[in-house]
Amino acid sequence: MDGWLGYGNGENGEEGIPYWFSFKESGPSISASMEPSGLQFDVSHMNKEEWNSWLSRFKAEATKTLGFKVGELEIGEVDEEIEWIDEA
28 MDGWLGYGNG
38 ENGEEGIPYW
48 FSFKESGPSI
58 SASMEPSGLQ
68 FDVSHMNKEE
78 WNSWLSRFKA
88 EATKTLGFKV
98 GELEIGEVDE
108 EIEWIDEA
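Last residue of the sequence shown: 115 (the numbering used here), numbering continuous.
Keep in mind that a hint or two might mislead.
In silico BS3-like pairs for lysine-lysine, Cα to Cα no more than 25 Å straight-line [as the list claims (entries may be wrong)]: (1) Lys51 / Lys86; (2) Lys75 / Lys86; (3) Lys96 / Lys75; (4) Lys86 / Lys96; (5) Lys51 / Lys75.
Keep in mind the hints are simulated off the structure, nothing from the lab.
These numbers come from a predicted model, not from an experiment.
Model the full assembly from the supplied sequences, consistent with the hints where possible.
Here is the structure:
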């Protein structure tokens, strides 16, 4: 994914948290964590168009990599049942 920096190490970013674009929230930055409801993104200093574009690319890449549709249940992109991608 574009902007990927790696995981925080305590000195740069929070230990074990994945980061994109910057480890600091003073500029464009995305970090993520696993929560009971799923993957949670923390976005700083990105306009709505930049964020939506990046998130769409993230979902597409995750779907391709994982082999099932990745999306947001709350807005109807996916259902509670896994939708496997048939690449035959």
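So, going through the hints one by one against the coordinates:
1. As the CA atoms of lysine 51 and lysine 86 are separated by approximately 24 Å, the hinted pair is consistent with the 25 Å bound.
2. Proposed proximity of lysine 75 and lysine 86 is supported: the alpha carbons are some 16 Å apart, at most 25 Å.
3. This hinted pair checks out: lysine 96 and lysine 75 have alpha carbons roughly 23 Å apart, not beyond 25 Å.
4. Restraint check for lysine 86 and lysine 96: satisfied, since their Cα atoms lie roughly 8 Å apart, inside the 25 Å limit.
5. At roughly 19 Å between alpha-carbon atoms, lysine 51 and lysine 75 fall within 25 Å of each other, so this suggested pair holds.
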